[in-house]
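Work out the full structure: start from the sequences and follow the hints.
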Amino acid sequence: FDPDRKAEGLQPISNKELANTVRIFQQHVKSNGLTPSQMKEATASQLNDGHAARIVQFIKLFYQISEEWERRLREGGWIDFEDMVIQAAQYVEAGTYQSRFKMVLADEFQDSSRARIRLLKALHYAKNGQVHLCVVGDDWQGINRFAGADISVMTEFERIFPYASRLTLGTTFRCPKSLCDISSTFIQANPVQIRKTVKTTSTYSNASVLVFAFKDMANAQRHLREQFDFMRRYIEEGRLKPSSGNRITVLLLGRYRNDSPSQLRSWQQKFADVLDISFKTIHSSKGLEADYVMLVNVVEGFRGFPSQIEDDPLLQIPMPTPDPYPMAEERRLFYVALTRAKRQVRIYTSLATPSRFVTELVTKGGLKVEAVDGELQEPCPKCKIGILKLRTGKYGEFESCSTWPRCDFKRNVADTDKAATGQGSSHA
Numbered sequence: 001f002d003p004d005r006k007a008e009g010l011q012p013i014s015n016k017e018l019a020n021t022v023r024i025f026q027q028h029v030k031s032n033g034l035t036p037s038q039m040k041e042a043t044a045s046q047l048n049d050g051h052a053a054r055i056v057q058f059i060k061l062f063y064q065i066s067e068e069w070e071r072r073l074r075e076g077g078w079i080d081f082e083d084m085v086i087q088a089a090q091y092v093e094a095g096t097y098q099s100r101f102k103m104v105l106a107d108e109f110q111d112s113s114r115a116r117i118r119l120l121k122a123l124h125y126a127k128n129g130q131v132h133l134c135v136v137g138d139d140w141q142g143i144n145r146f147a148g149a150d151i152s153v154m155t156e157f158e159r160i161f162p163y164a165s166r167l168t169l170g171t172t173f174r175c176p177k178s179l180c181d182i183s184s185t186f187i188q189a190n191p192v193q194i195r196k197t198v199k200t201t202s203t204y205s206n207a208s209v210l211v212f213a214f215k216d217m218a219n220a221q222r223h224l225r226e227q228f229d230f231m232r233r234y235i236e237e238g239r240l241k242p243s244s245g246n247r248i249t250v251l252l253l254g255r256y257r258n259d260s261p262s263q264l265r266s267w268q269q270k271f272a273d274v275l276d277i278s279f280k281t282i283h284s285s286k287g288l289e290a291d292y293v294m295l296v297n298v299v300e301g302f303r304g305f306p307s308q309i310e311d312d313p314l315l316q317i318p319m320p321t322p323d324p325y326p327m328a329e330e331r332r333l334f335y336v337a338l339t340r341a342k343r344q345v346r347i348y349t350s351l352a353t354p355s356r357f358v359t360e361l362v363t364k365g366g367l368k369v370e371a372v373d374g375e376l377q378e379p380c381p382k383c384k385i386g387i388l389k390l391r392t393g394k395y396g397e398f399e400s401c402s403t404w405p406r407c408d409f410k411r412n413v414a415d416t417d418k419a420a421t422g423q424g425s426s427h428a
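If you're matching positions, the sequence shown starts at 1 in my numbering and goes up one per residue.
Hints may contain errors.
Unchecked claim - With a straight-line Cα cutoff of 25 Å, these simulated DMTMM-like cross-link-like pairs (lysine to aspartate or glutamate) come out:
#, residue 1, residue 2
1, K215, E237
2, K196, E158
3, K286, E156
4, K16, E82
Hints were generated in silico from the structure; no laboratory data involved.
Computed from a predicted structure; not experimentally measured.
Structural data, given as structure tokens:
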């Protein structure tokens, strides 16, 4: 033991990583149109979370780099992407640009930044005559806050454009009814999301969501391979037909790129004649669809789903205010994943650490879980996020929530046994 040894500190980030962080920070500042006073206020709000010294130093560095960035743009006669939107809005607002358009259509409106809203408002209230504005968006699919999108442009649309009227497109031509019901109930647990009822033209009537749980997640790939074998057999027997084209489409979805199964290429080659198998991250799957969707590695944890990786506190300064509902954007991402399926979603999770989203579908949506290589665990009746785990304490065996100490539920095993035999029960 050396009391005089130097404490090991964190290694400084590389110049490339620092440059990337500064550029992302700058993109958010510009796309959200933050003034110096707004930046000062936003910075002050982040100084009490233990990162004050780092934030202060970064802001000083950011302004130096930003000033040099803008100087070089002016010197070279260039503009960056944010300037294209901001300067366009300024030209329209000043009347320098006279719009010849009588109607402006904006798609994927839920992904709009404040700078884009400014441009749309400028076009709408143009000095040479009001322009009709029509936007199309789905706040349930707002998953791009990291790229500057502000979900409030959808949820507060009538405040931004006071004389607007809203038309709900409540019919889907993709998902079966039971999947519409399950996914709609899940996403609308967040009261901030706009209420709507989704109907479908799909006539698919089999179970639309299946959940498979594994004691050893390594066995999930073997199970996927078996599912593909079954599909081939059903296709050859005429019991399974493509919804379009010549092959059944199968979309494997993961929260992260490294969720891609190691055997993917082998499966694509082996089943190429009957199955069109692909892997995407859920973010990149938006707008896509497939007959069958397989959600892989849907487990609780730091790099699980929902992701518990927190954004850099620095980026919280210029980013749009997050939805206050717990895991709101991750919930919308899960909704996007569910609704890629034209027939069925198959969720692959862990018996020991199932995702809280899976637990919610089971406890509130009535879904059943098939334990493939182990025994099912009871969801925590208090938090409905964790599962009950058997533990041994000073007074014997008891069950408690897997998320302890976040959830403090516990009960004696003896009480559970009494309840099972009809002798009464109590909760510790």
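Within 25 Å, alpha carbon to alpha carbon, are K196 and E158? Holds - the C-alpha atoms of E158 and K196 are around 17 Å apart, at most 25 Å.
Is the Cα-Cα distance between K16 and E82 25 Å or less? holds, 21 Å
Straight-line Cα separation of K286 and E156 no greater than 25 Å? holds, 23 Å
Would you mind confirming whether the straight-line C-alpha gap from K215 to E237 stays at or under 25 Å?
-> violated, 33 Å
Violation of the numbered hints given earlier is confined to hint 1; every other hint is satisfied by the structure.
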